Amino acid sequence: MDSNAQFSLEEDGDGGMQLALSGPLLISTIGALDHQLRGISEPITTVDLSGVEVIDTSGAWVACTISTEHEAEITGANERAQRLLDAVQGLNSDIPLEAERDPVWERVPMALGQQVFEARSGVAGVVGALGRVIIGFGNMLRRPSSFPYRALVAQMEQVGVSALPIVGLMSFLIGVVIAQQGAVQLEQFGAEALTVNLVGRITLRELGVLMTAIMVAGRSGSAFAAQLGTMKLTEEIDAMRTIGISPTEKLIIPRILACTFMMVLLGFYSAVIAIIGGAVVGQIGLGIPFFTFLSRIQEVVPLHDVWVGMIKAPVFGLIIAMAGCYHGMRVQGNSEEVGKRTTMAVVSAIFAVIVLDAFFAVFFTEIGWG
Amino acid sequence: MNDQPIEQPDPNTQEVLPRDSDEPPIVVQGLVNQFGSTRVHDGLDLTVRNGEILGVVGGSGTGKSVLMRSIIGLQTPTEGRIDVLGKTITGIDPDQNIGVRCRWGVLFQGGALFSTLTVGENVEVPLKQFYPEIDPDLRAEIARYKVLQSGLPEDAIGKFPSELSGGMKKRAGLARALALDPELLFLDEPTAGLDPIGAAKFDRLTVELKETLGLTVFLITHDLDTLYESCDRVAVLADKKVIAVGTIPELVETGHPWIEEYFNGPRGRAAQASHLRGEAS
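Here the protein sequences line up with chains A and B, keeping their order. Residue 303 in our numbering sits at position 303 of the first sequence; the count goes up by one each step and never skips. Residue 105 in our numbering sits at position 105 of the second sequence; the count goes up by one each step and never skips.
I should point out that these hints are in silico values taken from the structure, not numbers from a laboratory. Please read all numbers here as calculations on a predicted model, not as lab measurements. Even for Gly, the Cβ is constructed at its ideal location relative to N, Cα and C. Among these hints, one or two may not hold up.
Over 10 Å on every C-beta distance to chain B, these chain A residues come out as not near it, computed from the model [said to hold, decoys possible]:
| hint | residue |
| --- | --- |
| 1 | Leu9 |
| 2 | Glu11 |
| 3 | Ile27 |
| 4 | Ser28 |
| 5 | Gly31 |
| 6 | Ala32 |
| 7 | Ala99 |
| 8 | Tyr149 |
| 9 | Ala154 |
| 10 | Gly168 |
| 11 | Ala352 |
In the DSS-like style, the derived pairs of lysine-lysine whose C-alpha atoms are separated by at most 27 Å in a straight line are [as the list claims (entries may be wrong)]:
| hint | chain 1 | residue 1 | chain 2 | residue 2 |
| --- | --- | --- | --- | --- |
| 12 | B | Lys201 | B | Lys241 |
| 13 | A | Lys340 | B | Lys159 |
| 14 | A | Lys250 | A | Lys340 |
| 15 | B | Lys201 | A | Lys340 |
| 16 | B | Lys201 | B | Lys169 |
| 17 | B | Lys201 | B | Lys240 |
Okay, the calculated bits of chain B under chain A, using three or more residues with CB under 8 Å as the criterion [as the list claims (entries may be wrong)]:
| hint | stretch |
| --- | --- |
| 18 | 63 to 71 |
| 19 | 156 to 165 |
| 20 | 266 to 272 |
Based on the provided sequences and hints, a complete structural model is requested.
Structure representation (structure tokens):
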């Protein structure tokens with residue numbers, strides 16, 4: 001394979017042109033030769049292969065193409081070459097390799113329009129999924145013995161316990177940032193002492209639960225979608241259905257319960273850690289002793305702030321779990337779809353959480369829990 | 001088994017076998033594969049002759065696929081030496097370029113097609129990888145005729161793997177395996193999951209390709225019909241070794257109980273009978 005494939009053009013006796021190919025005609029050598037052959041414009045009457053040492057189907061293909069193009073005759077092919085020529089003869093086709101793709105300026109608006117068009121069925125799908133979950137709950141209440149306790153505990157561990165370190169770290173840093181930045185601003189009014197109010201109220205009311213929800217959506221919502229999506233692809237879910245096990249009861253309900261319940265605990269935990277973070281800043285930067293900071297929290301944060309957070313948390317948990325499970329169950333086709341659905345699960349969960357959070361904020365203020 | 005460790009030469013200094021060489025393309029010596037405390041292979045030896053279709057059979061869990069993965073360098077064996085086309089591939093990285101990877105094609109059990117590419121683009125992938133200098137037009141032409149050569153209809157070229165049936169996926173996988181005109185073809189259970197007509201067609205295709213392209217085929221199968229119809233020799237994996245290699249009559253003569261049961265069981269006899277009928281007509 002050191003030498004290259006070569007060709008020469010000569011006049012043969014009868015006034016026609018003869019193209020003689022020589023050297024190895026292999027896929028490794030054909031690239032350069034093919035380029036030159038495509039440049040030949042003179043009519044060729046015969047293609048001589050007697051100088052060819054070794055040949056594979058790609059070589060045979062090139063010889064075959066050039067002979068069909070010029071309506072030339074192939075001569076001097078040895079037994080192997082002839083066999084390969086016969087094998088590739090007539091296998092030409094002009095079907096494009098790529099699947100048809102519309103240009104980007106058509107594709108993007110079309111996709112957007114499609115989404116708007118499908119919004120109704122999407123909403124119906126989510127509501128339907130929620131309905132199935134409620135029916136599943138009903139069935140389980142009638143047969144409590146069939147409740148998947150083990151799956152529930154396993155999911156609680158996955159969603160809750162193993163999220164403790166990362167949620168803790170995140171909340172601590174958020175507490176630190178709020179206290180430090182808040183103190184800088186409040187100092188201008190000589191009101192550093194109000195940093196305690198700021199940290200206590202904002203973490204218990206808003207940020208503790210909201211940041212935890214975003215973290216849980218990223219950790220567990222995506223995991224739900226990917227797990228269920230893969231199970232759908234490998235037909236595990238179909239197998240469950242044929243055995244008479246409801247995937248809603250065995251897979252979705254434990255995840256939803258675990259996520260809803262764990263969001264409450266994680267949200268509260270997050271607020272507590274954020275307050276500790278604030279207290280650390282108070283001790284170091286503001287001259288408020290650590291325990292004074294904590295006892296001040298008790299005085300300045302009204303109890304309904306805790307309730308605001310704790311009412312929102314399970315709702316957010318439910319949304320995250322529903323988005324993950326719904327998108328996971330909608331996977332079909334190939335592995336690319338799993339990725340797409342996982343992204344959609346996380347994005348739609350975080351979006352819904354933020355929108356609902358805005359509603360909750362207005363609502364609780366209106367009912368006098370400001 | 002010899003107690004001395006088998007010598008492992010440096011693949012960078014070895015000469016690749018030329019295309020028309022008659023040397024055996026695959027030589028496995030003293031192969032040991034161990035996962036945790038389970039030994040799958042223990043001193044396995046196997047030589048594949050040039051230009052033959054070698055069938056590999058064995059019960060489930062006897063390490064047929066592990067053997068194939070070891071030969072194509074995806075699985076680093078615990079011990080032993082494997083030479084493919086003159087290069088020792090044991091002990092090298094699966095991504096290291098040693099100049100023989102473009103000379104074998106592999107058909108994995110499920111086809112293993114890239115799901116985001118069409119069938120035609122799948123066949124183009126190895127061509128692009130190894131011979132980027134080939135003109136895109138010629139590359140597309142080569143990809144098209146490979147797909148047609150594997151017995152797929154024309155309209156399958158632009159389809160995605162998820163739109164194909166199981167049998168068509170295998171053919172598309174075969175087209176990709178053949179993309180580089182390999183000398184060695186590895187087939188992992190090519191007829192598993194195909195209907196009998198599709199399986200028989202695939203068997204004929206394998207033989208046809210071997211004859212026209214001069215391939216050496218390493219074929220893992222459970223399908224007795226495939227063994228009778230397309231294999232020149234059969235290697236039997238049992239007791240962590242290759243216990244016998246030969247034509248089917250030769251194997252039956254060894255009298256090993258597993259081989260006896262395999263070929264003389266009801267399915268074995270049925271396959272043999274249909275094979276004899278096929279030869280008579």
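* To do: Hints the structure violates: just list their numbers, smallest first.
  => Numbers 3, 4, 5, 6, 7, 12, 15, 17, 18 and 20 - these are the hints that the structure violates, sorted from lowest upward.
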